[in-house]
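Visitor: Sequence:
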Amino acid sequence: MSLSQKLFRIEIHFFRKIADGSSPLENLIAEAFELGAVGSEELSCSSDGGSTVRIYSPQSKAQAIEGRIFHLELDEIAWMSTYPEPKVDWDDLSRQRHEPVTVANRITITPPWIQPDNNVAHPVLVINPGQAFGTGAHESTKVVMNLMLNGENTLKGSVVLDVGCGTGVLALTALACGAKKAIALDIDRLAISATCENCVKNSYQNSILAYCGPISALQPKPFDLILANLLRTELEPIFNYFQNFLSAKGKLILGGLLKSDWNKISSLIEGCSLVVSDKRYEMDPSGTIWMGLVLTKTPEFEN
0 MSLSQKLFRI EIHFFRKIAD GSSPLENLIA EAFELGAVGS EELSCSSDGG
50 STVRIYSPQS KAQAIEGRIF HLELDEIAWM STYPEPKVDW DDLSRQRHEP
100 VTVANRITIT PPWIQPDNNV AHPVLVINPG QAFGTGAHES TKVVMNLMLN
150 GENTLKGSVV LDVGCGTGVL ALTALACGAK KAIALDIDRL AISATCENCV
200 KNSYQNSILA YCGPISALQP KPFDLILANL LRTELEPIFN YFQNFLSAKG
250 KLILGGLLKS DWNKISSLIE GCSLVVSDKR YEMDPSGTIW MGLVLTKTPE
300 FEN
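By numbering that gives the first Met the number 0, the letter at position 270 of the sequence shown is numbered 269, and the numbering carries on one by one without gaps.
Rather than coming from a laboratory, the hints here were simulated on the basis of the structure. Please note: incorrect hints may appear among the correct ones.
When the alpha-carbon atoms are kept at most 20 angstroms apart in a straight line, the in silico SDA-like pairs for lysine to any residue are as follows [claimed, not checked]: (1) K155 x N201; (2) K248 x D277; (3) K179 x S157; (4) K180 x C195; (5) K263 x Y240; (6) K179 x V199; (7) K258 x V293.
Using the sequences and the hints given, assemble the complete structure.
Guide: Below you can see the structure in the form of C-alpha coordinates.
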(Lines of atoms letter the chains of each structure in order from A; the text may use other names.)
(Lines give C-alpha, C1' and ligand atoms only; values in the text may rest on other atoms or scores of the structure.)
Protein backbone atom coordinates (compact mmCIF):
# COMPACT_ATOMS: atom_id res chain seq x y z
CA MET A 0 0.00 0.00 0.00
CA SER A 1 1.36 3.40 -0.92
CA LEU A 2 2.32 5.62 2.00
CA SER A 3 0.71 8.55 0.17
CA GLN A 4 -2.69 6.86 -0.06
CA LYS A 5 -5.39 8.90 1.65
CA LEU A 6 -7.68 7.75 4.39
CA PHE A 7 -11.39 8.33 3.76
CA ARG A 8 -14.11 8.83 6.37
CA ILE A 9 -17.50 7.33 5.53
CA GLU A 10 -20.27 8.81 7.67
CA ILE A 11 -23.57 6.95 7.95
CA HIS A 12 -26.39 8.78 9.69
CA PHE A 13 -29.25 6.77 11.19
CA PHE A 14 -32.80 8.06 11.71
CA ARG A 15 -32.67 6.80 15.28
CA LYS A 16 -30.13 5.84 17.93
CA ILE A 17 -28.77 2.37 17.10
CA ALA A 18 -27.85 0.41 20.22
CA ASP A 19 -24.36 -1.08 20.44
CA GLY A 20 -24.49 -4.76 19.54
CA SER A 21 -27.68 -4.45 17.49
CA SER A 22 -27.87 -6.44 14.27
CA PRO A 23 -27.92 -3.47 11.81
CA LEU A 24 -24.85 -1.88 13.36
CA GLU A 25 -23.04 -5.21 13.78
CA ASN A 26 -23.64 -6.17 10.16
CA LEU A 27 -22.60 -2.78 8.82
CA ILE A 28 -19.32 -2.67 10.75
CA ALA A 29 -18.53 -6.33 10.07
CA GLU A 30 -19.03 -5.87 6.33
CA ALA A 31 -16.87 -2.72 6.33
CA PHE A 32 -13.94 -4.34 8.15
CA GLU A 33 -14.11 -7.39 5.91
CA LEU A 34 -13.66 -5.08 2.91
CA GLY A 35 -10.66 -3.27 4.39
CA ALA A 36 -11.88 -0.63 6.87
CA VAL A 37 -9.27 0.27 9.47
CA GLY A 38 -11.45 1.84 12.14
CA SER A 39 -14.94 2.88 13.22
CA GLU A 40 -16.65 5.01 15.84
CA GLU A 41 -20.22 5.90 16.81
CA LEU A 42 -20.99 9.54 17.57
CA SER A 43 -23.34 10.57 20.35
CA CYS A 44 -26.99 11.01 19.52
CA SER A 45 -27.55 14.15 17.45
CA SER A 46 -30.21 16.85 17.79
CA ASP A 47 -32.63 15.03 15.48
CA GLY A 48 -32.64 11.93 17.67
CA GLY A 49 -30.50 9.92 15.28
CA SER A 50 -26.92 8.73 15.47
CA THR A 51 -23.89 8.71 13.17
CA VAL A 52 -21.35 5.96 12.58
CA ARG A 53 -17.96 6.82 11.08
CA ILE A 54 -15.98 4.21 9.19
CA TYR A 55 -12.36 4.90 8.26
CA SER A 56 -11.04 3.29 5.10
CA PRO A 57 -8.14 3.49 2.64
CA GLN A 58 -9.13 5.35 -0.52
CA SER A 59 -8.82 2.14 -2.56
CA LYS A 60 -11.41 0.39 -0.36
CA ALA A 61 -13.92 3.21 0.21
CA GLN A 62 -16.01 2.67 -2.92
CA ALA A 63 -16.40 -1.05 -2.24
CA ILE A 64 -17.45 -0.33 1.35
CA GLU A 65 -20.00 2.25 0.21
CA GLY A 66 -21.42 -0.24 -2.29
CA ARG A 67 -21.71 -2.97 0.33
CA ILE A 68 -23.51 -0.61 2.73
CA PHE A 69 -26.00 0.32 -0.01
CA HIS A 70 -26.46 -3.40 -0.70
CA LEU A 71 -27.45 -3.98 2.95
CA GLU A 72 -30.55 -1.83 2.28
CA LEU A 73 -30.93 -0.77 5.92
CA ASP A 74 -34.15 1.19 6.46
CA GLU A 75 -32.56 2.97 9.42
CA ILE A 76 -30.02 4.85 7.24
CA ALA A 77 -30.96 8.48 6.54
CA TRP A 78 -27.87 9.50 4.53
CA MET A 79 -24.27 8.56 3.86
CA SER A 80 -21.33 10.78 2.85
CA THR A 81 -17.62 10.23 2.25
CA TYR A 82 -14.84 12.70 3.06
CA PRO A 83 -11.07 12.60 2.57
CA GLU A 84 -8.93 12.61 5.70
CA PRO A 85 -5.34 13.89 5.95
CA LYS A 86 -2.64 11.63 4.50
CA VAL A 87 -1.73 8.63 6.63
CA ASP A 88 1.61 6.91 7.16
CA TRP A 89 0.32 3.37 6.69
CA ASP A 90 3.46 1.71 8.02
CA ASP A 91 3.16 3.70 11.23
CA LEU A 92 -0.60 3.04 11.47
CA SER A 93 -0.05 -0.68 10.96
CA ARG A 94 2.62 -0.77 13.65
CA GLN A 95 0.27 0.94 16.09
CA ARG A 96 -2.56 -1.51 15.40
CA HIS A 97 -0.67 -4.81 15.38
CA GLU A 98 0.94 -6.30 18.47
CA PRO A 99 1.90 -9.92 19.28
CA VAL A 100 -1.10 -12.11 20.11
CA THR A 101 -0.97 -15.39 22.03
CA VAL A 102 -3.92 -17.76 21.57
CA ALA A 103 -4.85 -20.65 23.88
CA ASN A 104 -1.28 -20.66 25.23
CA ARG A 105 -0.47 -22.74 22.15
CA ILE A 106 0.82 -20.20 19.61
CA THR A 107 1.94 -16.57 19.33
CA ILE A 108 1.38 -14.44 16.24
CA THR A 109 3.73 -11.48 15.88
CA PRO A 110 4.21 -8.83 13.16
CA PRO A 111 7.65 -8.70 11.47
CA TRP A 112 8.64 -5.36 13.02
CA ILE A 113 8.58 -6.84 16.54
CA GLN A 114 11.34 -9.23 17.60
CA PRO A 115 9.68 -12.56 18.42
CA ASP A 116 10.19 -14.12 21.83
CA ASN A 117 11.81 -17.45 20.99
CA ASN A 118 12.00 -18.45 24.65
CA VAL A 119 8.33 -19.39 24.83
CA ALA A 120 7.44 -23.10 24.87
CA HIS A 121 5.00 -22.87 21.95
CA PRO A 122 5.45 -21.97 18.24
CA VAL A 123 5.78 -18.33 17.15
CA LEU A 124 4.53 -17.25 13.72
CA VAL A 125 5.66 -14.03 12.03
CA ILE A 126 2.72 -12.67 10.02
CA ASN A 127 2.96 -9.59 7.81
CA PRO A 128 -0.65 -8.36 7.40
CA GLY A 129 0.04 -6.40 4.22
CA GLN A 130 -3.33 -5.59 2.60
CA ALA A 131 -4.94 -8.92 3.54
CA PHE A 132 -7.09 -9.84 6.53
CA GLY A 133 -5.80 -11.96 9.39
CA THR A 134 -3.22 -11.15 12.06
CA GLY A 135 -4.70 -13.19 14.88
CA ALA A 136 -5.81 -10.01 16.65
CA HIS A 137 -9.39 -9.79 15.38
CA GLU A 138 -11.99 -11.64 17.43
CA SER A 139 -13.29 -13.57 14.41
CA THR A 140 -9.78 -15.00 13.90
CA LYS A 141 -9.25 -15.65 17.61
CA VAL A 142 -12.48 -17.62 17.90
CA VAL A 143 -11.45 -19.94 15.05
CA MET A 144 -7.96 -20.41 16.46
CA ASN A 145 -9.27 -21.20 19.94
CA LEU A 146 -11.66 -23.81 18.56
CA MET A 147 -8.92 -25.28 16.37
CA LEU A 148 -6.45 -25.54 19.24
CA ASN A 149 -8.93 -26.99 21.72
CA GLY A 150 -7.47 -30.32 22.82
CA GLU A 151 -3.99 -31.87 22.65
CA ASN A 152 -2.55 -33.32 19.43
CA THR A 153 -5.84 -32.88 17.57
CA LEU A 154 -4.00 -31.47 14.51
CA LYS A 155 -1.18 -34.01 14.30
CA GLY A 156 -0.78 -35.32 10.76
CA SER A 157 -3.97 -33.65 9.51
CA VAL A 158 -4.66 -32.23 6.04
CA VAL A 159 -6.21 -28.76 6.21
CA LEU A 160 -8.24 -26.54 3.88
CA ASP A 161 -8.33 -22.80 4.69
CA VAL A 162 -11.14 -21.07 2.75
CA GLY A 163 -10.79 -17.29 2.50
CA CYS A 164 -7.23 -17.53 3.81
CA GLY A 165 -6.32 -13.82 3.91
CA THR A 166 -2.75 -13.72 5.26
CA GLY A 167 -2.72 -17.50 5.68
CA VAL A 168 -2.61 -17.17 9.47
CA LEU A 169 -5.09 -20.00 10.14
CA ALA A 170 -3.45 -22.51 7.77
CA LEU A 171 -0.02 -21.60 9.14
CA THR A 172 -1.26 -21.97 12.72
CA ALA A 173 -2.53 -25.46 11.89
CA LEU A 174 0.84 -26.41 10.39
CA ALA A 175 2.78 -24.94 13.32
CA CYS A 176 0.66 -27.00 15.71
CA GLY A 177 1.06 -30.35 13.98
CA ALA A 178 -0.86 -30.45 10.69
CA LYS A 179 0.87 -32.21 7.81
CA LYS A 180 -0.30 -30.24 4.77
CA ALA A 181 -2.61 -27.33 3.97
CA ILE A 182 -4.35 -25.78 1.00
CA ALA A 183 -5.09 -22.06 1.40
CA LEU A 184 -7.49 -20.47 -1.06
CA ASP A 185 -8.88 -17.00 -1.56
CA ILE A 186 -10.45 -15.11 -4.46
CA ASP A 187 -8.28 -12.06 -3.67
CA ARG A 188 -4.83 -12.08 -5.32
CA LEU A 189 -3.45 -9.81 -2.61
CA ALA A 190 -4.43 -12.41 -0.02
CA ILE A 191 -2.62 -15.17 -1.91
CA SER A 192 0.45 -12.95 -2.25
CA ALA A 193 0.39 -12.29 1.53
CA THR A 194 -0.07 -16.01 2.26
CA CYS A 195 2.90 -16.96 0.07
CA GLU A 196 5.07 -14.31 1.71
CA ASN A 197 4.15 -15.52 5.19
CA CYS A 198 4.76 -19.16 4.22
CA VAL A 199 8.33 -18.28 3.27
CA LYS A 200 8.84 -16.15 6.40
CA ASN A 201 7.90 -19.14 8.55
CA SER A 202 9.54 -21.86 6.39
CA TYR A 203 6.29 -23.64 5.49
CA GLN A 204 6.47 -23.12 1.72
CA ASN A 205 6.81 -26.88 1.18
CA SER A 206 3.78 -27.72 3.32
CA ILE A 207 1.17 -25.35 1.93
CA LEU A 208 -0.41 -24.74 -1.46
CA ALA A 209 -1.85 -21.23 -1.90
CA TYR A 210 -4.50 -21.03 -4.60
CA CYS A 211 -6.36 -18.01 -6.01
CA GLY A 212 -9.85 -18.98 -7.09
CA PRO A 213 -13.23 -20.26 -5.89
CA ILE A 214 -13.75 -23.41 -3.87
CA SER A 215 -15.83 -24.80 -6.74
CA ALA A 216 -12.64 -25.20 -8.80
CA LEU A 217 -11.13 -27.66 -6.31
CA GLN A 218 -11.41 -31.38 -6.88
CA PRO A 219 -13.44 -32.93 -4.03
CA LYS A 220 -11.12 -34.68 -1.60
CA PRO A 221 -11.37 -35.42 2.11
CA PHE A 222 -9.85 -32.87 4.48
CA ASP A 223 -9.40 -33.56 8.18
CA LEU A 224 -9.99 -29.91 9.00
CA ILE A 225 -11.70 -27.12 7.05
CA LEU A 226 -11.35 -23.52 8.27
CA ALA A 227 -13.65 -20.79 6.98
CA ASN A 228 -13.39 -17.36 8.60
CA LEU A 229 -16.01 -15.71 6.39
CA LEU A 230 -18.97 -13.40 6.85
CA ARG A 231 -22.34 -15.15 6.71
CA THR A 232 -23.13 -13.56 3.34
CA GLU A 233 -19.90 -15.02 1.93
CA LEU A 234 -20.43 -18.38 3.59
CA GLU A 235 -23.97 -19.07 2.44
CA PRO A 236 -23.30 -19.51 -1.32
CA ILE A 237 -20.50 -22.05 -0.74
CA PHE A 238 -21.70 -23.87 2.36
CA ASN A 239 -22.77 -27.05 0.55
CA TYR A 240 -19.23 -27.62 -0.69
CA PHE A 241 -17.96 -28.16 2.84
CA GLN A 242 -19.79 -31.40 3.54
CA ASN A 243 -18.38 -32.88 0.32
CA PHE A 244 -14.82 -31.87 1.20
CA LEU A 245 -14.88 -33.01 4.84
CA SER A 246 -13.53 -36.43 5.84
CA ALA A 247 -15.72 -38.81 7.84
CA LYS A 248 -14.14 -37.85 11.17
CA GLY A 249 -13.16 -34.32 10.13
CA LYS A 250 -14.07 -30.94 11.58
CA LEU A 251 -15.40 -27.81 9.89
CA ILE A 252 -14.68 -24.62 11.88
CA LEU A 253 -16.61 -21.50 10.93
CA GLY A 254 -15.71 -17.96 12.04
CA GLY A 255 -16.56 -14.47 10.85
CA LEU A 256 -20.11 -14.92 12.11
CA LEU A 257 -22.00 -12.56 14.37
CA LYS A 258 -23.98 -13.91 17.30
CA SER A 259 -27.05 -12.44 15.62
CA ASP A 260 -26.39 -14.71 12.59
CA TRP A 261 -27.29 -17.84 14.58
CA ASN A 262 -30.87 -18.28 13.35
CA LYS A 263 -29.89 -18.05 9.68
CA ILE A 264 -26.83 -20.24 10.13
CA SER A 265 -28.75 -22.91 12.03
CA SER A 266 -31.34 -22.95 9.23
CA LEU A 267 -28.50 -23.43 6.75
CA ILE A 268 -27.15 -26.39 8.72
CA GLU A 269 -30.53 -28.10 9.08
CA GLY A 270 -31.00 -30.92 6.63
CA CYS A 271 -27.32 -31.27 5.71
CA SER A 272 -24.91 -33.98 6.86
CA LEU A 273 -23.32 -31.76 9.54
CA VAL A 274 -24.13 -30.99 13.16
CA VAL A 275 -22.75 -28.38 15.57
CA SER A 276 -20.42 -30.01 18.10
CA ASP A 277 -18.94 -26.88 19.70
CA LYS A 278 -19.58 -23.13 19.84
CA ARG A 279 -17.58 -20.17 21.12
CA TYR A 280 -18.01 -16.39 21.36
CA GLU A 281 -15.57 -13.47 21.43
CA MET A 282 -16.53 -9.82 22.04
CA ASP A 283 -14.57 -7.07 20.32
CA PRO A 284 -13.93 -3.60 21.86
CA SER A 285 -17.03 -2.16 20.18
CA GLY A 286 -19.27 -4.72 21.91
CA THR A 287 -19.85 -6.78 18.76
CA ILE A 288 -20.08 -10.49 19.59
CA TRP A 289 -18.40 -12.84 17.11
CA MET A 290 -19.35 -16.50 16.95
CA GLY A 291 -17.35 -19.58 16.00
CA LEU A 292 -18.80 -23.03 15.32
CA VAL A 293 -17.36 -26.53 15.03
CA LEU A 294 -19.33 -28.84 12.76
CA THR A 295 -18.85 -32.58 12.31
CA LYS A 296 -20.59 -35.18 10.18
CA THR A 297 -23.64 -36.91 11.61
CA PRO A 298 -23.11 -40.63 12.39
CA GLU A 299 -25.02 -41.86 9.33
CA PHE A 300 -22.64 -39.92 7.05
CA GLU A 301 -19.39 -40.95 8.76
CA ASN A 302 -18.95 -44.16 6.81
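Visitor: Is K155 close enough to N201, meaning Cα to Cα at most 20 angstroms?
Guide: This hinted pair holds, its Cα atoms lying about 18 angstroms apart.
Visitor: Are K179 and S157 close enough, with their CA atoms no more than 20 angstroms apart?
Guide: Roughly 5 angstroms between the alpha carbons, so the hint for K179 and S157 holds.
Visitor: If you draw a straight line from the CA of K258 to the CA of V293, is it 20 angstroms or shorter?
Guide: holds, 14 angstroms
Visitor: For the pair we were handed, K180 and C195, check the Cα-Cα distance against 20 angstroms.
Guide: Holds: K180 and C195 sit about 14 angstroms apart, inside 20 angstroms.
Visitor: For the pair supplied as a hint, K263 and Y240, confirm whether the alpha-carbon distance does not exceed 20 angstroms.
Guide: Status holds; Cα separation ~18 angstroms.
Visitor: Given the proposed pairing of K248 with D277, does the C-alpha separation stay at or below 20 angstroms?
Guide: holds, 15 angstroms
Visitor: Within a Cα-Cα threshold of 20 angstroms, do K179 and V199 meet the stated pairing?
Guide: Given that 20 angstroms is the threshold and the Cα spacing comes to 16 angstroms, the pair holds.
Of the numbered hints stated above, none is contradicted by the structure.
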